[in-house]
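In the order they appear, the protein sequences are chains A and B. Going from the first sequence to the working numbering is simple: count from 1 and add 181. Going from the second sequence to the working numbering is simple: count from 1 and add 181.
Certain hints may be false.
Copies of the same chain are indistinguishable here, so a pair counts whether it falls within one copy or spans any two.
As the list claims (entries may be wrong) - With a cut-off of at most 20 Å between alpha-carbon atoms, the simulated PhoX-like pairs for lysine-lysine come out as follows:
{"hint": "1", "residue 1": "K792", "residue 2": "K926"}
{"hint": "2", "residue 1": "K755", "residue 2": "K926"}
{"hint": "3", "residue 1": "K591", "residue 2": "K558"}
{"hint": "4", "residue 1": "K531", "residue 2": "K671"}
In case anyone wonders, no lab produced these hints; they're calculated from the structure. Remember, predicted model here, so these are calculated numbers, not experimental data.
Number of protein chains: 2
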Amino acid sequence: DGGGVESLDYEVIENFAYREEQAQRGTGLAAVFINIAVENFAGWKFSMTFDIIQKSYIAGFFVYVLINLALVYSSVYIITQFAPAAAGSGIPEIKGYLNGVDTHGILLFRTLIGKIFGSIGSVGGGLALGKEGPLVHTGACIASLLGQGHLAVAIFAAKVAKIVVGVAIFAAKIAKNWQSELANHTDCRFIASVPLKLCLLFLGGSTKYHLNSRWFQVFKSDRDRRDLVTCGCAAGVAAAFRAPVGGVLFALEEVTSWWRSQLMWRVFFTSAVVAVVVRAAMGWCKSGKCGHFGSGGFIIWDISDGQEDYSFAELFPMAIIGVIGGLLGALFNQLTLYITTWRRNHLHKKGNRVKIIEACLVSILTSSISFGLPLLKKCSPCPDSDPASGIECPRPPGMYGNYVNFFCSKDKEYNDLATIFFNTQDDAIRNLFSAKTINEYSSQSLLTFLVMFYALAVVTFGTAVPAGQFVPGIMIGSTYGRLVGMFVVKYYRKLNIEEGTYALLGAASFLGGSMRMTVSLCVIMVEISNNLKFLPLIMLVLLISKAVGDAFNEGIYEEQAQLRGIPLLESRPKYEMRNMTAKEACGSGRVVSFPRVVKVSDVLSILRSNKHNGFPVIDHTRSGEPLVIGLVLRSHLLVILQSKVDFQHSPLPSDSRGGGRSIRHDSSEFAKPVSSKGIRIDDIHLSSDDLEMYIDLAPFLNPSPYIVPEDMSLTKVYNLFRQLGLRHLFVVPRPSRVLGLITRKDLLIED
Amino acid sequence: DGGGVESLDYEVIENFAYREEQAQRGTGLAAVFINIAVENFAGWKFSMTFDIIQKSYIAGFFVYVLINLALVYSSVYIITQFAPAAAGSGIPEIKGYLNGVDTHGILLFRTLIGKIFGSIGSVGGGLALGKEGPLVHTGACIASLLGQGHLAVAIFAAKVAKIVVGVAIFAAKIAKNWQSELANHTDCRFIASVPLKLCLLFLGGSTKYHLNSRWFQVFKSDRDRRDLVTCGCAAGVAAAFRAPVGGVLFALEEVTSWWRSQLMWRVFFTSAVVAVVVRAAMGWCKSGKCGHFGSGGFIIWDISDGQEDYSFAELFPMAIIGVIGGLLGALFNQLTLYITTWRRNHLHKKGNRVKIIEACLVSILTSSISFGLPLLKKCSPCPDSDPASGIECPRPPGMYGNYVNFFCSKDKEYNDLATIFFNTQDDAIRNLFSAKTINEYSSQSLLTFLVMFYALAVVTFGTAVPAGQFVPGIMIGSTYGRLVGMFVVKYYRKLNIEEGTYALLGAASFLGGSMRMTVSLCVIMVEISNNLKFLPLIMLVLLISKAVGDAFNEGIYEEQAQLRGIPLLESRPKYEMRNMTAKEACGSGRVVSFPRVVKVSDVLSILRSNKHNGFPVIDHTRSGEPLVIGLVLRSHLLVILQSKVDFQHSPLPSDSRGGGRSIRHDSSEFAKPVSSKGIRIDDIHLSSDDLEMYIDLAPFLNPSPYIVPEDMSLTKVYNLFRQLGLRHLFVVPRPSRVLGLITRKDLLIED
Ligand SMILES: Nc1ncnc2c1ncn2[C@@H]1O[C@H](COP(=O)(O)OP(=O)(O)OP(=O)(O)O)[C@@H](O)[C@H]1O
Ligand SMILES: Nc1ncnc2c1ncn2[C@@H]1O[C@H](COP(=O)(O)OP(=O)(O)OP(=O)(O)O)[C@@H](O)[C@H]1O
Ligand SMILES: [Mg+2]
Ligand SMILES: [Mg+2]
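Only chain A is shown next, with the shape it has when bound in the complex (with noise of 0.2 Å):
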């Protein structure tokens, strides 16, 4: 049944519940207040990257592997022990939470921690996969809890989080005395996830009518964590990639399928803060505070100073740029879908214990090959260049910049391959986007690092460690991308061409092969390399690259979706269900029901009878004919069997005393938990008295679900139900009467 997958409930309950939440405006003020100024803690990275140059490389080459796969170890023993649902990038999970289904314990407390700590470890262990998906991943998890408005977790977290951090620096500087050079990449990026608060704060502010009561609301239910979720995905895309207008486009392109406008401005909040506070904490760290990350700026990847102009007589290669990122986007899609279907059928069936050592396997292998490889390299000899252009050869090794100096016998010169390979991803990518540098990389080491790296990257995908998909992507990109540069530089002799655009375009080529993004790619790579001139050739490349991977297949996202079993509702109807109407769709199966007052005997066995979520409540007219009053859920059943409140001796309905009723309930006991499976059914244990009682059910159930006549056809019930976000939808026979007519002219109310 889907293996954990659950549909999410975005309809507004209309019953007695939902009221009181209104008139229980402001609570809560003072609460989320203190959470928001405590939860600081969230959303850190660190990508503590180890590079290590050796006097002595056998024992170098040691320590090295020994490093990584203490990291990656504990990565995945995080992940296996403790939050299994922190593996992998998380955005499939999410774009699923955000179509409707609910992928159990993805927006978890403990799948957060395992998220960060996980993709610490896994970065950090130099494995060929990324930490951008993780913290889309992190933003959302954040984003959802931040709703829940839980001091106690807040707090608790906070604690956690500074011990750990402190057991982090203390290894850090162990390391540091075990190798002749370490520098801890801290990427202080955790500062961004501040605004997270913010946009929390905002999402209740800027809307009209509700400027009192949800300020400071805490968001209890589906619909309202779906904005924040959504608004979560964009800050970790923008805290990322220091994307701001990225995150805002990823959001909506990638992850959401409801969008309304006031979402736009509230998500588009987010960032702008994100944006300001990433600028901030860039700024502190120039003062050197971060390590490394200093030098960074707020552009990751800046090629501004790169090319300035472009011919047409570029396009052409441009184009095959667009259509070998096709190709090999798509390939990496369907090699990773097989690998994953093999591993989930095999592997990872067999326990906790086969996944840690498939993780360990592949740190050590992908170790190995990226310090192996670049000895096997013979060194060429630095470049005639003047001093005046500020670029040095050869530079020491676990240093910004390019030219590294690496088991070079003589002294003027660098080895093009460790200068990629045995490297921080990020500054491999800043090579390779590198402008004033023809001619650096011979082409063998090009291929030689392309073949590796996406060999490693397609056997890494599906481990059990949290693993984002674009920075290996734009490392396998610029790769190519730089390979076919350097044919264009030779060709094209006349025109003034950096290598460097073409790695660029190249990184966006096969992003778009793989995860079919058009708009928000386009947008993150113009903010990742700050050159707004290549923006028409990225979009070219883009489009290119988009059109020949859909001719093989779907977007590795909705691959994986499909893989682990989240049911996406596609954002239009399959052709088929032209022809099908809705009776057709529902099948021929009796509905279960309940009368308005029904035994609790009879509920508890109806519920055991079957596997259904929703019911639909059948009420008698004075006169006796049939009427559906509405539906109630199997999670509000469950709720009301528990508390046995409203349990009632007589089977008649209880009108006269509905006025009490609302008291006897407080409105969360119905909130649903995040990401849980709530009360099950084996938990309720009721007396032979409590049996013979009755509920009378009219209080609890959502009076007005949405209907359909049975000979709608499926397209148009299709519509209904996704563009709505449903969960159920009541096909009843067409009416005998209309009662009345609604046009635009009625739904146009005036304040």
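Since the structure of chain A is provided, determine the placement of chain B with the ligands on it from the hints.
What follows is chain B with the ligands alone, placed relative to chain A:
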């Protein structure tokens, strides 16, 4: 009744006509293809700005005033006599169209022509208005016309366009002889509309299931047109600002009401092609074929060589700019609202003559002020600058650059007011944004310009000419922005500050305060200025100005829409709707309905007796109970009445002959013409024999309109109506049975 406003019908009507359409795949392939090849004419935009500098200032003044007057007169004449729907910016109307209401004539061919030539006149005539709004409207018109595939129209248009261009060029040459210097500032952007055709091609092609059927399909329903118009808007902005991503976001944030994720990709595609084509046009223009235009480049107002960095101390004056923007923007909206209301109620009622006189008076006023005020201003001495900086002072007027010599007695002097006031808008903005020109403007000149231009912009708004608010907004905003910048330069002496940066922020803030867009404005501002580093600042300023503006009134487009009686449905329901039910909303009036088989005379009399546009059709089951079998539209009934082929003698349903029925009607007969009233009831003439016959409505009705139970709250009804873009909704009694439940599982049909 809303003044010619009528709802659009986005519903898929699943009757025979629709199913026929499905069968007639691939027809019209050739037609659309030729259409595409020929419709090159569209989107032309000349802003012929006459930079007049005379030896005799008095003669010059008269020439200047007269040329402006002639241009404005031609514009207002075209609008009043030929295309009244082309007045104003058109964005509120397009917004309304995409929200589901049709303003009469808004997408007609004559409106397109009127818009293009009208805005040539109004912008060329030096009025305080812009051409960007009209370009958006133009884009939408072209898209909609392309969607109709009328070959004849296209060929005719191409011919008309050629002739008019010829005349325009001829006129320009004559004007050249008249004046000492004339530069016809041809925009070349007309080429930018080529991609619209490609968008059209693409609109069909990318969807999986329709690869054959829709590739060259002619777009006939409101639903198809909706996507095309959205595409057109994005293309308009992309071409106007050379801001492709900004175009996508503008379409998304400001104009559309329904956003489907496929649309993103299509709109993006259109914009991408626009970007590439604009780039091509720029390259072509560089060789000097477009007069003044060549030096523009792909970025309109490039400030990438400006300020490098900013410090936190600057955030305070920037916040102040945001506040000023919010205040002035809101004031602008309020003033224009009053003036437009007054115009509508007093001035424009009196007929076209008054409109023409009004526009001419405004033109004379504008010309006099922009020529006269700089004359009164004393010239300033040129700054001492090293020649290496490339800044020349003074420059001859009518050319690019700052430090214009206008009515200066000495040699080394310039007139700072003339530099911005007596100049084309593009150049004025470039001068305001310019870096390395600190202290070019005296605060007195800037203030004078600000006050005068603001007043002119308010007065000009609402005259019967095509008018955009973007460029005037940028002018106003950058003026006070630069003013604030001057103070900042004065008080924060140590910082490396450029006044131009503040001008850019000022422009953003005014647009934000008036139009209340966020993401799209932000991206547009970055794209026109090519400085990504200021993105966080622009975001900040926009957030503040929008928030401040929202405290006073609504955005300018919403206010104008309201004023013009375009009933926009906001994206969220009003708060009062929570306590209303569907039944209450649609009132207690008797529902006007039809039986299945109805007498022709009854149809006529019912249609005459009311103004409703949709009617339920009621049949009877075998057992004699009534049954609602669908909804029939007034427009379809009128088609049936006019064609008469469906009349029958028998008052019985014509089930047996159902097969033959579909042949009688070409599906195109029911296709709704764009923006036209269709058949009027008075046009139908029936003989008395005809009146005695019957019509079986069954084949013509929409068999399954959406239904809501009578006691559903209006909030939910609103969501359904708004999200699905409906026109009619049946309110029905509560159902007596539930035949089935539709859940996510039922909708997950595999191919
Ligand atoms: N009360 C009911 N009576 C009869 N059939 C039902 C009822 N509720 C659902 N069904 C049918 O049972 C099937 C699965 O129902 P189920 O309630 O598990 O929904 P689901 O798609 O799995 O979504 P969810 O995630 O909410 O469980 C569907 O085909 C649906 O038509
Ligand atoms: N067939 C009908 N019988 C009775 N009342 C109707 C009928 N159709 C519409 N109405 C009511 O008449 C009012 C106006 O109807 P009308 O059909 O003019 O719609 P509208 O809102 O103006 O939209 P449109 O632009 O489609 O005309 C609405 O309040 C609606 O409830
Ligand atoms: Mg289920
Ligand atoms: Mg009407």
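Status of the hints after comparison with the structure:
no., hint, in the structure
1, K792 <-> K926, "between (43 Å within a copy, 13 Å between copies)"
2, K755 <-> K926, "between (33 Å within a copy, 14 Å between copies)"
3, K591 <-> K558, "within (14 Å within a copy, 71 Å between copies)"
4, K531 <-> K671, "neither (53 Å within a copy, 72 Å between copies)"
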